[in-house]
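Bring the two chains, given one by one in their own frames, into a single complex with the hints.
Sequences listed follow chains V and R, in order.
For the first sequence, the numbering used here gives the first residue as 29, with consecutive numbering after it.
For the second sequence, the numbering used here gives the first residue as 1027, with consecutive numbering after it.
Be aware that one or more of the hints could be misleading.
[What the hints assert, rightly or not] Think about it this way: if two alpha-carbon atoms lie no more than 25 Å apart in a straight line, the pair counts; the simulated SDA-like pairs of lysine to any residue are:
1) Lys1127/R x Tyr1058/R
2) Lys1127/R x Glu87/V
3) Lys1127/R x Leu75/V
4) Lys1075/R x Gln1028/R
It should be emphasised that the hints constitute simulated quantities derived from the structure, not laboratory data.
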Amino acid sequence: SQTIHQWPATLVQPVGSPLSLECTVEGTSNPNLYWYRQAAGRGLQLLFYSVGIGQISSEVPQNLSASRPQDRQFILSSKKLLLSDSGFYLCAWSVWGTNEQFFGPGTRLTVL
Amino acid sequence: AQSVAQPEDQVNVAEGNPLTVKCTYSVSGNPYLFWYVQYPNRGLQFLLKYITGDNLVKGSYGFEAEFNKSQTSFHLKKPSALVSDSALYFCAVRARGATNKLIFGTGTLLAVQP
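Chain R extracted, bound-state conformation (with noise of 0.2 Å):
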């Protein structure tokens, strides 16, 4: 069965700070894998995905996600974190099928202190 882990429910650190949000997966095949955000009351904001090609992905708003497959792990990273960088944060895998129907993670709190 396909699914991810995001293992921490919050992640706190300091504005300015490099800030990493983990997530790993467990498909058959190879992986289609994104990250989304979400601010309150709003809607997902996709960021970035990997298919195929360079192992480092970038995104909006300064992400990036590296993804390692013999640690079956898709974590997301900024190196300087900005206080509206405080939002919650989705890690999901495609799955299979031909319905581009994604299963997410529980989400992790980014919580970037001033």
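With the rest of the complex left out, here is chain V (with noise of 0.2 Å):
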């Protein structure tokens, strides 16, 4: 069966700093793979999809970058956090041909 994970869980980063997030899928080849952030625990932001390896699109701009070093691992990044980039983070994934996604446990992140 098919499982997504993400690390950390939550984590507290001061303004400016860098951010490393990870999300890997396991039972699936060639997944579509997406970020969300989550504001105020209510409406889901689509930061990033990415269908393939090396194959971002952005959907807002924003501080933030993808990447997808491999088939099944999918990355958020930044250079220097804002204050506003504080959030709840939701990676998922999805198949051609069954249209819906399956979402991670998601990271709690907050800016000081």
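Below is the structure:
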């Protein structure tokens, strides 16, 4: 069966520090991968998606970047965090044809 | 443009009563519709989807949803609410294209009172 992992689960970082969040998927090949941010415990904002290794599409201009160095690995990064980067970050995967996305457990990021 | 609306920020229901969480959508062409549930500090869990076929879709944990094309709605329902159903519920529609991108509603908080 397929599983998706995210780490770390929680993170507290000072403003201006770098960021690296990792997401890995097991049990499937060539998934579509997604990064979302959920602010204030409600709405989901799609940040990036990827349909293959090295293929990244950005949905909104921001202080973050994403990379996909391996088929089942998706990384969210920042060189310098802002206070507004605080939130709950969710990774998700899907396979073409099944339509639904499956979400990881999330990372709670607090920027101080 | 494709969009999803969840008109209620919060729905309150007593345990044992039926519940409905509303969702309306706007898409061109045939919609692919989804419901997800989120418990505090957790990721979203897939509940059910409508792609084609029967308008009444059954999903996990006793939930079901009814697709109504004329009203462009996809309301989530359960005949008898449990306290453990209390959570945040998201409706979503699949965006056009080959990426399986989903457009989410703003979420409805369901509170089931004992």
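Results for each hint:
no.: 1; hint: Lys1127/R x Tyr1058/R; result: 11 Å, holds
no.: 2; hint: Lys1127/R x Glu87/V; result: 11 Å, holds
no.: 3; hint: Lys1127/R x Leu75/V; result: 11 Å, holds
no.: 4; hint: Lys1075/R x Gln1028/R; result: 17 Å, holds
In the structure shown, no violation is registered for any of the earlier numbered hints.
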